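Trainee: Protein sequence lines, in the order shown, are assigned to chains E and A. The numbering used here applies: residue 527 is where the first sequence begins, and numbers increase by one. The numbering used here applies: residue 527 is where the second sequence begins, and numbers increase by one.
Simulated from the structure, these hints should not be mistaken for laboratory data. It cannot be assumed that every hint is accurate.
BS3-like mimics (lysine-lysine), calculated; alpha carbons at most 25 Å apart, straight line [as the list claims (entries may be wrong)]:
#1 A:Lys-644 with E:Lys-644
#2 E:Lys-644 with A:Lys-654
#3 E:Lys-654 with E:Lys-644
#4 A:Lys-644 with A:Lys-654
#5 A:Lys-644 with E:Lys-654
#6 A:Lys-654 with E:Lys-654
Just the calculated beta-carbon pair ranges, DEER-fashion [as the list claims (entries may be wrong)]:
#7 A:Asp-669 with E:Arg-567: 14 to 24 Å
#8 A:Pro-693 with E:Arg-656: 22 to 32 Å
#9 A:Arg-733 with E:Gly-676: 40 to 50 Å
Owing to the predicted nature of the structure, the values given are computational and were not obtained by experimental measurement. We treat Cβ as the ideally placed atom computed from N, Cα and C, and that holds for glycine.
2 protein chains.
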Amino acid sequence: MTATLYCFGESGNAYKAALTMALCGHDWAPRFVDFFGGETRGAEFRALNPMGEVPVMVEGELVLTQSGAIQAHVARATGRMAGVEDPEVLRWVLWDNHKLSSQAGTVRFLANFLPEEKRPAPVIDFLKARLNSAYRVLDAHLDGRDWIAGGAPSIADCACAGYLYYPEPFGFVRGDWPHVDAWLSRLSAQPGWKHPYELMPGSPTDRQ
Amino acid sequence: MTATLYCFGESGNAYKAALTMALCGHDWAPRFVDFFGGETRGAEFRALNPMGEVPVMVEGELVLTQSGAIQAHVARATGRMAGVEDPEVLRWVLWDNHKLSSQAGTVRFLANFLPEEKRPAPVIDFLKARLNSAYRVLDAHLDGRDWIAGGAPSIADCACAGYLYYPEPFGFVRGDWPHVDAWLSRLSAQPGWKHPYELMPGSPTDRQ
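The shape of chain E in the complex, shown without the other chains (with noise of 0.2 Å):
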């Protein structure tokens, strides 16, 4: 049975189902969701995902939105990474959820995506100096570390580097953090890896 996953290739919260989907060889197909046309603010989507948000996965009867929960049921499903039943892996996933991904995913958008006389430089400010805070942490946590949590790669992995594979400007510079540099590139040369624009349908060269 084939997953079908409502994504868009600017979303780094569908990027983790996709990416998890990938490295774990489970069977899925990408449907493009028209985020920037308003897609996800309509009646149709809402009553797939009243949240109103990518990704979700509709698998025969099962429906499953927030990529976390995408992502446990694909590890469990496939046996190919270790998932939520690992304290380790909860634990990052959710410090991602919560300071990681939640504000780079709000910045990039802010700081690209947003016609550029509607950008809020207060708030991107704040967003970019808090997310220092949070690469600071994980790139004290990946020294001395090949992954997050474990000897291979995990679904916190794939959360964590949800938004850092991206080209556009949002303050992230890999060079500034050298474990994390290290840890994409190895995540990055693992087998069934592809970029966000790759792996899912749409990016920015669409609208231009």
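Dock chain A against chain E, hints included.
Mentor: Below, chain A alone, put in the same frame as chain E:
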């Protein structure tokens, strides 16, 4: 074995863990962390939790951080609540971490606990607007439901309620959201429930 929870009254994230332990009858005792005196930035605390945050739970050899990871452990250990094994519970714990508590905790801090002249109005307004969308999602979800997932309180209820009992103004008004209001009343009627300032040591009155 008594679990020690590193916490302080003002932390809604610590409250999620404390409330889960209280409602599940888990054996625990609080250990006050002097957040406002800088304890979480000190070397001793960072050695315990490099993320620099409460809550931290220490139970024998087990050290857990991130409220959701502690909640998951307590649910599993006591068998008294649904935990992250239930995809719908996990989904709402993640949503809370991503969209509700992370922003509510930040805006409540900025709007109440920073010196007045340092409170960044554009950031506060931005976060309040985003939180309104989150309250709307939660209120709609609780229309016709007693609990967030399934027929009894779960760790998702303790997560989403983390910041919603506090008296300090941060833009959340119970009366504006009737289904959230009724659900908070149901939760606070559960045996063992206590207000965060009663369940954990420390409150703003200590600093006046």
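Trainee: Does the structure break any of the earlier hints, and which numbers would those be?
Mentor: No hint contradicted; all consistent.
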